[in-house]
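Those protein sequence lines, which keep their order, are chains A and L. To convert, note that position 56 of the first sequence is 56 in this note's numbering; the numbers rise steadily by one, no gaps. To convert, note that position 56 of the second sequence is 56 in this note's numbering; the numbers rise steadily by one, no gaps.
What the hints contain is simulated information worked out from the structure, not anything from laboratory work. Mixed in with the good hints there might be a few duds.
Claimed, not checked - Partial list, derived from the structure: chain L residues whose beta carbon lies under 8 angstroms from chain A:
| no. | residue |
| --- | --- |
| 1 | H122 |
| 2 | P148 |
| 3 | G150 |
| 4 | L153 |
| 5 | N155 |
| 6 | L157 |
| 7 | E173 |
| 8 | A177 |
Said to hold, decoys possible - To list a few chain L residues with every Cβ distance to chain A over 10 angstroms, as calculated:
| no. | residue |
| --- | --- |
| 9 | F25 |
| 10 | M34 |
| 11 | D36 |
| 12 | K55 |
| 13 | E111 |
| 14 | V160 |
| 15 | H161 |
| 16 | E163 |
Note that the Cβ used here is the ideal one computed from N, Cα and C, for glycine as well.
2 protein chains.
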Amino acid sequence: MERKVPIGLSNKHIHVSQADLEVLFGKGYQLTPMKDLSQPGQFAAEEKVDVVGPKSTIKGIRILGPVRPQTQLEVSIGDGFCLGIKAPLRNSGDIADTPGVKVVGPVGEVEIPCGAIVAARHIHMSPEEGAAFGLKDKDIVSVQLDGPRGLILNNVLVRVHPEFKLDMHLDVEEGNAAGARNGQMATIL
Amino acid sequence: MERKVPIGLSNKHIHVSQADLEVLFGKGYQLTPMKDLSQPGQFAAEEKVDVVGPKSTIKGIRILGPVRPQTQLEVSIGDGFCLGIKAPLRNSGDIADTPGVKVVGPVGEVEIPCGAIVAARHIHMSPEEGAAFGLKDKDIVSVQLDGPRGLILNNVLVRVHPEFKLDMHLDVEEGNAAGARNGQMATIL
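Put together the whole structure using the sequences plus the hints.
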């Protein structure tokens, strides 16, 4: 069986804690869902913030909801270069010893002591999808993307969870390196 | 024999014709070499220009010398998105039916009717290096880059010429997708 997976490209974005959200947008503030994302319950919010690094500010970075226990900024290596930070390659949630930045909202601002990462590429799938593919949580696979800029990505982490749905998350630089579009199908080798 | 090749990462840059150079910088102007590039005779110039697209301007794009028959802007897909142009994937020199932009220098400005491309990845090598690798001009190879973001690039064009020296040219997005650094070694498979 060919194991096909859709590609989801992630532009720079930020996840925020409820505490930080309230500093940025006001006491008791709730995110406003704008658009559902591929993973059930996850959404792009209407709200955006500015992120200030030592070298520059990137304006209008979108918040993805719902709120999380920790604020986490996900950027490309190129975005990190612009900001003047060296965000390391990490799996989501693993933010110990990562650079901090200043986050500016319409009501207030927060200096996060850490939280800026380059998200490691990964594939979300449900246990049923994992079983059909012969894959389990934390497996590492290689994935082929076709086209004029065709390539094979090694070291792709498989994440299996009942709340996940089949989707491979790449950042914009990975997507552009492959000339890939959102929703294009790739093949797990 | 393992076929190892150093990686050279190209940021956005522009090649200019002598005629356009003189409009941008003044009659009889000559480029000022700042730094030699990997290919013999090629150099990064002191001179920079601003490039104006329909959506935004990118300031301070470096000119690479020497002058060429045609002005050619090389950007990443992300740069093209910023400028608001859809620069296609092309080999250097193949600029028919590509987007134009406005180029602004300290003395004048030029509307180039075409010339904006995303450079297709390629490996420069001398005939001797080609012979040692069992490769000839226009061969297409796959190249492996190791590391946490390790990947295999397919569709890499081999360019063999007496004035070339072994170096694989990737753009910044391809380099970042692999977590690669300038000068890192890759393996032709």
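Right, here's what the structure says about each hint:
no.: 1; hint: H122; result: violated, 12 angstroms
no.: 2; hint: P148; result: holds, 5 angstroms
no.: 3; hint: G150; result: holds, 4 angstroms
no.: 4; hint: L153; result: holds, 5 angstroms
no.: 5; hint: N155; result: holds, 5 angstroms
no.: 6; hint: L157; result: violated, 11 angstroms
no.: 7; hint: E173; result: holds, 4 angstroms
no.: 8; hint: A177; result: holds, 4 angstroms
no.: 9; hint: F25; result: holds, 28 angstroms
no.: 10; hint: M34; result: holds, 20 angstroms
no.: 11; hint: D36; result: holds, 24 angstroms
no.: 12; hint: K55; result: holds, 14 angstroms
no.: 13; hint: E111; result: holds, 27 angstroms
no.: 14; hint: V160; result: holds, 21 angstroms
no.: 15; hint: H161; result: holds, 23 angstroms
no.: 16; hint: E163; result: holds, 27 angstroms
Comparing the model with each numbered hint stated earlier shows that hints 1 and 6 do not hold.
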